[in-house]
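Under the numbering used here, the first residue of the sequence shown is numbered 228, with each subsequent residue one higher.
Simulated from the structure, these hints should not be mistaken for laboratory data.
A hint or two may mislead.
Claimed, not checked - Ranges of calculated distance between the beta carbons of each label pair, as one might list FRET restraints:
#, residue 1, residue 2, range
1, V385, H507, 50 to 56 Å
2, R398, D489, 40 to 46 Å
3, Y449, A424, 42 to 48 Å
4, S509, D386, 46 to 52 Å
5, R352, R518, 42 to 48 Å
6, S294, A418, 43 to 49 Å
7, A453, D489, 18 to 24 Å
8, L246, N427, 35 to 41 Å
9, A453, D493, 34 to 40 Å
10, Y449, E253, 18 to 24 Å
Glycine residues also receive a C-beta, built at the ideal position from the N, C-alpha and C atoms.
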Amino acid sequence: MNAEPSSPASDRRAELLALAGELRPELHRYCARLMGSVIDGEDVVQDTLSRALVALRDLENPEETPSLRPWLFRIAHNRALDLLRSRTVRKAEPIEAAADIADPANPDPVEVLMRREAVNTAVSRFAELPTMQRSVVILKDVLDEPLKEIAALLDITVDAVKAHLARGRARLREINAQAGPPAQARPVSPAVAHYVALFNQQNWDALRALLADDVKLQQSTYASQAGAAEVGRFFTFYAGYDGVWLAPAWLDGREVIAVFADRNDDKPIYVIWLEWRDGHISFIHDTRYARYVIADAELVLAPDHKPAGTAG
228 MNAEPSSPAS DRRAELLALA GELRPELHRY CARLMGSVID GEDVVQDTLS RALVALRDLE
288 NPEETPSLRP WLFRIAHNRA LDLLRSRTVR KAEPIEAAAD IADPANPDPV EVLMRREAVN
348 TAVSRFAELP TMQRSVVILK DVLDEPLKEI AALLDITVDA VKAHLARGRA RLREINAQAG
408 PPAQARPVSP AVAHYVALFN QQNWDALRAL LADDVKLQQS TYASQAGAAE VGRFFTFYAG
468 YDGVWLAPAW LDGREVIAVF ADRNDDKPIY VIWLEWRDGH ISFIHDTRYA RYVIADAELV
528 LAPDHKPAGT AG
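Please put together the full structure from these sequences, using the hints given.
So this is what it looks like as C-alpha cells:
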C-alpha cells in the first residue's frame, strides 16, 4: 500500500522540528543573555518552540508561514520581552544619532574586540543593559546577525540599530569594568545534599520515595511527564549508566545539581534542578538533552562535594 502524501501543514511541522533541533543552541544564546539567566533562557526556548508548533497547527493556509528561522527568533524575542515586562517597567530609551558602525564582511580590529568582549561577558551581566540595547548587542556581537536582519526582527530602522549598538557596547564595557569577583558557592541545602547522596549511592527506591504524587519531569526536547509512577522511570534510566556522578552547585543564583559522566571528570556535562513541596520533589528539570544550557554558564560547584578529578 502506498503511503498517503504529506500535507503542507505536516511538511512545515517537520521542517520546524528539524530546524528547531539545529537552532536550539543559538536561540538559547540569545534568550539566556536577554533574560540574564541560562535557566530562564531555556524556559523561553522551550516556550518558543511550543508556541511555534501551536501556531503552525492553527494556520488556515500553511503555505503562508513565514521563513522559519527569523519567525522563531521573533517569537523568542517577544516571549522574553513579555517575561521581562512582568518583572519590571521598562525605561524608555532615547534614540540618539546613529554612530558610524560599519557592517562589512571583515570588520576592523576595534569591531572585532567589541564583539569578543560581548561573547566573553558573563550571561548575567547583560541584564544590566536596557532591553533594546541588550537585544541589539546580542544579535550583532554574539550571534553576528546582519544589521538589516536585526532591524527587521526588532521592527526598528538600521540607524536605530546602530545607535543602540553603540550605546550598548559602551555600557557593556562599563559593566565589565565595574564587575565584582566571581560568584561563590553557598551552603548546600539538606534536601539537595540528601538527593545527591542517594543518587551517588544508586539508592533508586529511596529517590522514588522522595517524589510527590503529582511530580513533573521536563527534559527539554521530550514531552513532559507527570505522576510518581511515570517519573519514577527517570531513575531506571540512570541506573543503566555506570559512573554518572552528581554534585551540588549554584547557577544564576539558583541551587542546581551538576551531572558528571564520570566521578573523575573535571567538568560536568549538564545540570538538573529540582522544585520541592512539603519535603517532596514536585518538579525535575533535566537538561541531559539540552547540554548547551551550561556552555556559557557561571556554574559554581559546592567545594565539599566536588568529584575526585575536579580542581580547586
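Results of checking the hints against the structure:
Between V385 and H507 the C-beta distance comes to about 54 Å, which sits within the given range of 50 to 56 Å. The hinted range of 40 to 46 Å is satisfied by R398 and D489, whose Cβ atoms lie roughly 42 Å apart. Look at Y449 against A424: about 27 Å separates their beta carbons, and that is not inside 42 to 48 Å. A C-beta distance of roughly 49 Å is found between S509 and D386, which places it inside the suggested range of 46 to 52 Å.
Distance hint check for R352 and R518: the Cβ-Cβ separation is about 23 Å, which falls outside the suggested range of 42 to 48 Å. A C-beta distance of roughly 46 Å is found between S294 and A418, which places it inside the suggested range of 43 to 49 Å. A hinted range of 18 to 24 Å for the beta carbons of A453 and D489 is inconsistent with their spacing of about 31 Å. A beta carbon spacing of about 38 Å between L246 and N427 agrees with the range 35 to 41 Å that was offered as a hint.
At about 36 Å, the CB distance of A453 to D493 agrees with the hint of 34 to 40 Å. For Y449 and E253, the Cβ-Cβ distance of about 20 Å falls inside the hinted range of 18 to 24 Å, so the restraint holds.
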